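Chains as they are written, first to last, in this note's numbering: chain G, 1 to 113; chain P, 1 to 659; chain R, 1 to 200.
These are computed hints drawn from the structure, not numbers from a lab. Predicted, not measured: the structure shown is a model, and the values here were computed from it. Heads up, the beta-carbon is just placed ideally off N, CA and C, and yes, glycines get one too. Keep in mind that the hints are not guaranteed to be accurate.
What the hints assert, rightly or not - Under the rule of at most 25 Å between Cα atoms (straight-line distance), these lysine-lysine pairs were calculated in the DSS-like manner:
| id | chain 1 | residue 1 | chain 2 | residue 2 |
| --- | --- | --- | --- | --- |
| 1 | G | Lys75 | R | Lys46 |
| 2 | P | Lys34 | P | Lys22 |
| 3 | G | Lys18 | R | Lys20 |
| 4 | R | Lys19 | P | Lys48 |
Unchecked claim - Just so you have them, the derived chain G footprint on chain R, three or more residues with Cβ under 8 Å:
| id | region |
| --- | --- |
| 5 | 16 to 22 |
| 6 | 70 to 78 |
| 7 | 170 to 180 |
| 8 | 185 to 197 |
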Amino acid sequence: MPDTLSTSNADHSGEEQKYHAFINLALVLAAITGIELVLVYLPINGTFIFATLVSLSLFKFFSVIAWFMHLLYDKLILTLAFVTGLAIASGTVVALMFIMDRGFVDFEAISAF
Amino acid sequence: MSSSLTEPTAPATHDHALKPEKSNLGLMRPDHSKSVIIDWLTTVDHKKIGIMYGAMALFFLLVGGLEALIIRAQLIVPENDLVSAERYNQLFTMHGTTMIFLAIMPLNAAFFNFLVPLQIGARDVAFPRINSFSLWAFVAGALVLNFSWLMQAFSELGWFTASGPTAGMTDFVPGMGWFGYAPLTERQFTGVGTDFWIMGLQILGIASLSAAMNFIATIINMRAPGMKMMRLPVFTWMTLIVSLLIVFAFPAITIALGQLMFDRVFDTSFFQVAQGGQPILWQHLFWIFGHPEVYILVLPAMGIVSEVLPTFSKKPLFGYSIVVFSGAVIGFLGFAVWSHHMFTTGLGKVATAAFSLLTMAIAVPTGVKIFNWIGTLWGGRVRFDAPMIFSVGFIWMFMMGGFSGIMHSAAPADAQQQDSYFVIAHFHYVAIGGILLASISGLYFWLPKILGKMWAGKLSTWVAILSTVGLNVTFFPMHFLGLIGMPRRTHTYLSGFGWDSYNMVCSIGAFILGFSILLFVIDIILLMTKGKPAGNDPWDARTLEWATTSPPRSYNFARTPIIPARDALWEHKHGAENRKITFVDEGSHGIHMPSQSWMPFVASFGFIPLGLGLCLMQAGVAYMGYVTISGLVIITLGATLWAIEGPGGYHIHPKEDEI
Amino acid sequence: MSDDAHNNDSHHNLMVDNKKLFMWLFLGSDCMFFGTMISTHLIYRKLYPESFDPTSLFSLELTSFSTFILLMSSFLMALAVSAMHKSDIKSFRRNTLGVIFFGLIFLACQVYEFTEFVHEGLTLKSGTFGSTFFMLTGTHGVHVAIGLFWLTCMYFYSFTGKMDPHESAIDVEVAGLYWHFVDIVWIIIFTVIYLIEFIK
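Isolated chain G (complex conformation):
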């Protein structure tokens, strides 16, 4: 197999770069988790905390996908497959949150509270 040698050399240096990216990302993710833990106990405005938590989570979510799951290094088609599912899921969640409203609940019928 004449090809393996040259490709494996290229692979190795590519793998080294990815290795460093992974370590860096792991450290960043650990730090973020710590920040989140501290943040909820701080006496700051609730909406701000909520927005920050959501942003941090989104960052963690997308960075694991991009680096650990390789999407950045792979073909676009895979990103499309995943993003479509994500878009449909998010759209549905958002729509449902708007539609389901306390105003429609018949609290008389609920014996639990």
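Please arrange chains P and R on chain G, whose structure you already have, making use of the hints.
Frame of chain G; chains P and R shown alone:
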């Protein structure tokens, strides 16, 4: 490159080394089996799998049809007592569930399976063993769902009474409607019928999901050289879109069914009102699946029509790119309209308006397709062979279903039509007038390729006339029945509302429709017994599957074709020299064929104890929890052994001059 | 090795491996799956915020710890995949064992948490909160367990000598994708179930 594409040839010489080999597990692979049963149980050949799906689909079409005929017989006169109210509920529930999940979906799967690899110039799908798994999981799901009839019979005979969680309930067959609205489906109100429905649908869902992912991978990755995406036959495009719809829509119902099961088995509060559960959430989750599901049902039909019309007009499809794009838009928008099934639930002004507008929007790409189909016919040299008659019928009948659909999209009008016979008229026009006519068209078109025999006689004309007459006589009056107020799902009605004559006409129509299906079955039997050899390309068609023998060899193409254009076969036959199909020179190591395997069958077999165990546990039968767990164990074991045995494979060497 | 070129599993039109495409499609589907469950939970919290206050039950420290553990297991998984690409089976085994070990710790934390909650009276039957909490975190836990089973099988298979690094790299990568997905779902669950309850 000669024109020998359409000449029959002798079968491939098989290597004398073609003996079964051992897998990585150390067990013999079931390749080259002499036993027909073992061959078909372990096959990974997409063509055989397609035939099995098709046979089961046609069987369940008849079962569902029988359920419908009993319904119509019950309704032929007011205050009839042919069946009890409970039995009537079970009949319409099973009719809907059977037709959607056990007839149309597997019929579509049959077409996908048989045609897609051939149409893209491949030898098989991306994951042949998963393909087999999907089929047998489907069989398991069908078994679990219909086992309920057996339980009901036992109950009627007095041999079995429900105890434990569903003590006192007598409905063993699902009777809560094919859409299973909460809170009727809770344990206090329905018996194990609901559990059979839940487990049946879950298993069928897994079958559909695995097949869909398989087809997406196949269409994206396994195309022959030169088969660019925009050269694909429209049917293959529709398969891709439908598969994507399945992948993204089924999880919603999987969760909804799971939540319902938890409510029934573990007493959770997802839909139980007293604990705060909101039954409306079931409706949302169900229709988030349910609406894409109806596009999953109809888009393949549109794909079939998009193949048949050009072939019998001897013209390319008018506006190929737009037709493909419209299909994609319909699929995508299909996720945004689910609450149009819920206009009368009090969603609020904004939501109602939004869903109403989006539903109207879906009519646009659908209309575009219809114009393009008509454009295909226009100026063509039209031949009214059987497939063409049904496809033309599709255009008209589906359009009528579309008109009543648009009427529904206006929420104020829908407020009167909801839950009335108007809705039944709408969806039967799109389902029978649309999906069934297109499917029959597809069967008339492709069965000669699948079975290698040509249709004998002109029975198809009678099938066409009687099915169209039957459809219209049954369902057209239902528009009026709905507008004058007859509600759905009522097992009888009183005289004096003005409904009597309409109902009698509908029932007579139903029997005409049933008779036409009987004639169709007879025509298929005549094909199988008296049909003459069809030859490779009896219709002078346009796409790659017609370049193979009828039926195609196990390996589809002796050498991988290189595709120069859209409608590749047509260009090859009638186009310029540089648009002829050439072939990849694959050297001398022959064609790699995937090995057959028991593991998909074993793994999917586990669904039977899983499903039945849980339902019987709900019915109070002892030790059924262990049966359920054993089902899980079998599935896990099957899957693990499957992974370890490896794909295997063997080589075949076709003759030089073969396709 | 001539099987390589004709092996259906690695045929490329768009230069993407079949197995990898299949797994990404499955993950897209799993997004909808978890999305629906998360949606149900959020809806019921929106409808009845006062019905239950989980902040007294939740131990943010424990859950942050288990989140961190899972994140680190994801990191080790990335290293395991990388090792396989470099044909370093020993490193692959070490890292995979690490993933399994951390995954087990995560599951142990979950089990501990669940038993504590049941002790305190929060069960599947405890209204909408109990239902959505246990179904969501329970389903996630089952996904983790399946992943651990898969990785364990892979770990032991690497000792049989039948695991060719060149051919198995894709299988390891696909397992890695699944594991990372399970991790990122947890990140969302952690935020949406635990963290937001603590905002005043």
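Enumerate the violated hints, using their earlier numbering and listing them in ascending order.
Per hint list: single violation, 1.
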